[in-house]
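As you go down the protein sequences, you meet chains A and B in turn.
Residues in the first sequence are numbered from 1 upward in steps of one, following the UniProt record's numbering.
Residues in the second sequence are numbered from 1 upward in steps of one, following the UniProt record's numbering.
Keep in mind the hints are simulated off the structure, nothing from the lab.
Do not rely on the hints blindly, as some may be mistaken.
[Unchecked claim] Computed cross-link-like contacts, DSSO-like style, restricted to lysine-lysine with a CA-CA straight-line distance of at most 27 Å: (1) B:K87 - A:K128; (2) A:K67 - B:K95; (3) B:K87 - A:K67; (4) B:K95 - A:K114; (5) A:K114 - B:K87; (6) A:K36 - A:K227.
[Claimed, not checked] Far from chain A, some chain B residues (derived; all Cβ distances over 12 Å): (7) R18; (8) R118; (9) S193; (10) L210.
Ideal Cβ positions, reconstructed from N, Cα and C, are used throughout, including at glycine.
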Amino acid sequence: MKETPLSNCERRFLLRAIEEKKRLDGRQTYDYRNIKISFGTDYGCCIVELGKTRVLGQVSCELVAPKLNRATEGILFFNLELSQMAAPSFEPGRQSDLLVKLNRLLERCLRNSKCIDTESLCVVAGEKVWQIRVDLHLLNHDGNIIDAASIAAIVALCHFRRPDVSVQGEEVTLYTPEERDPVALSIHHMPICVSFAFFQQGTYLLVDPNEREERVMDGLLVIAMNKHREICTIQSSGGIMLLKDQVLRCSKIAGVKVAEITELIQKALENDQKVRKEGGKFGFAESIANQRITTFKMEKAPIDTSDVEEKAEEIIAEAEPPSEVVSKPVLWTSGTAQIGEGVENSWGDLEDSEKDEDEGGSDEAVILDKMKMDTGVEVSDIGSQDAPIVLSDSEEEEMIILEPDKNPKKISTQTSAKQEKAPIKKPVKRRKKKRTAN
Amino acid sequence: MAGLELLSDQGYRVDGRRAGELRKIQARMGVFAQADGSAYIEQGNTKALAVVYGPHEIRGSRSRALPDRALVNCQYSSATFSTGERKRRPHGDRKSCEMGLQLRQTFEAAILTQLHPRSQIDIYVQVLQADGGTYAACVNAATLAVLDAGIPMRDFVCACSAGFVDGTALADLSHVEEAAGGPQLALALLPASGQIALLEMDARLHEDHLEWVLEAAAQAARDVHTLLDRVVRQHVHEASILLGD
Chain A
1 MKETPLSNCE RRFLLRAIEE KKRLDGRQTY DYRNIKISFG TDYGCCIVEL GKTRVLGQVS
61 CELVAPKLNR ATEGILFFNL ELSQMAAPSF EPGRQSDLLV KLNRLLERCL RNSKCIDTES
121 LCVVAGEKVW QIRVDLHLLN HDGNIIDAAS IAAIVALCHF RRPDVSVQGE EVTLYTPEER
181 DPVALSIHHM PICVSFAFFQ QGTYLLVDPN EREERVMDGL LVIAMNKHRE ICTIQSSGGI
241 MLLKDQVLRC SKIAGVKVAE ITELIQKALE NDQKVRKEGG KFGFAESIAN QRITTFKMEK
301 APIDTSDVEE KAEEIIAEAE PPSEVVSKPV LWTSGTAQIG EGVENSWGDL EDSEKDEDEG
361 GSDEAVILDK MKMDTGVEVS DIGSQDAPIV LSDSEEEEMI ILEPDKNPKK ISTQTSAKQE
421 KAPIKKPVKR RKKKRTAN
Chain B
1 MAGLELLSDQ GYRVDGRRAG ELRKIQARMG VFAQADGSAY IEQGNTKALA VVYGPHEIRG
61 SRSRALPDRA LVNCQYSSAT FSTGERKRRP HGDRKSCEMG LQLRQTFEAA ILTQLHPRSQ
121 IDIYVQVLQA DGGTYAACVN AATLAVLDAG IPMRDFVCAC SAGFVDGTAL ADLSHVEEAA
181 GGPQLALALL PASGQIALLE MDARLHEDHL EWVLEAAAQA ARDVHTLLDR VVRQHVHEAS
241 ILLGD
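Excised from the complex, chain A in its bound form:
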């Protein structure tokens, strides 16, 4: 399905709100949405929710032969998939640009920064090494996929335990989890991506844009840092022009945010560790019970309503009173009346009848259910009018409008205006077009 385009009013509204430093969900410019981390039963499985954006991360490992030019290092493989359930516009084969961008960014952030010690993944040099595979699936897209994905990846890696291996001479023994406890990976640091969205040619900037804000942004700057304030990756995308001091400012903000998020991750990991050790229930099933991963919950946002009354009164006082519309029913005959002028009818388009080209083009609108149709009554006062008489082969009966104070006129649905009414009515453009097409 193609992405529904954003309407101009919505775009303008969002940009105006951003200019006034207001965001749709009430956050401040540098605020993140709520981050929730839940773990599965297996080691290495987690779901990260950043607001409504949800990413599932799963780590798995396998013993393989190493790459020829890196004989003593393990292999790390990252894969982010945009599931079709995440957004209606994600279809297999249609997402390549976004997918390439996200995957490359994740790879650079996690692999090039050497957050995992690959040498420790080596079992037998040149023959057997661990291949660690991180699979990320985007389950719901509400903006800022990259942040959520990077958190999910690093949390899954921290949570993962690989089977223990021992090497005795030529023999390699792989222990199952029952025989020996699985071993955690050695992680040097936790790089986390922070996204900055730029608006109005770089004048305004927001942290953690949600899906609507992403649609109207000019460009995105992603800075990946760890809690030691080392920058792991910077990537600017979307064709924005940045200035050096903007980049430096963003890196400072990123430092603060990353420290907060790292703390949160540590706490979540510790909690899960505690629960598993104490023998409590853990895993996604547990989270389903208290509705943590199956529902979206909107927390109550505190809104200041103290001055709502005054503001409302102000608005009402300043607003103009609505224009008075007095409905004047016109009595045609006993039992029929007309209020208003009605809408254009389209009988003429369907029947494709001859029309007088000299007509002013304005066709009378008739509210059929309000007019009484008198069949077979001829009216002789046509000469008193200036309106041209059109002979049409319409099946519509001739209608008589009897005005209490004027002579009765003959009106057929095909004719154009009574001249009195012509200036009031605007000519209908589409009927004119239809005529020229004929």
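Once you have looked at the hints, place chain B on chain A.
Frame of chain A, contents of chain B only:
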């Protein structure tokens, strides 16, 4: 390579340059007669070729046409013989796609696309030898090719890479310096206004050092601009002589 000194005590790098020194840049414009614009650049041992076709009508699906500006389509390809070990997939792999996207982003910002609505500008870049700083060489070559094609741009787009070793920022990294695993920054700049069209950084760099590396890359990009400007003027001078002005 353990033990390789990237910056000696006297301040010399592996190839004898100083910290802020660029490699030798040689460039030619108008190397192909068939294309609307073409250019060839050598930055040290990195050799890149860029070809521009356009602006022309949108090929393929008309639905991709933008009603108010031109579509910029970039493709990056690096020859199989360009690196030390033979590459098996010259294009279509993720890295090439990403490079293509980044080039497109850079040039969409720089080319005045509003002047050519509903048309397409193709930029094809081929790397013949990769010795570090491939993104920068591609951007510089593409700038010259776009200028050769006569497509109006806001300003030159000059790019350069930078790194950080032993407390000093290095400009214009070679392959040896890149492979050592230190932080690398690639920057594409519009020199007149100092605006950054693209910023990309890999590997760990402490936040406090970011400013020095950015500054080194920006200065190097401005130096590249001086050189490219000279190349363009030389080319125009030669062309006008041939036309008999």
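Point to revise | Numbers of unmet hints, in rising order | key: 9, 10
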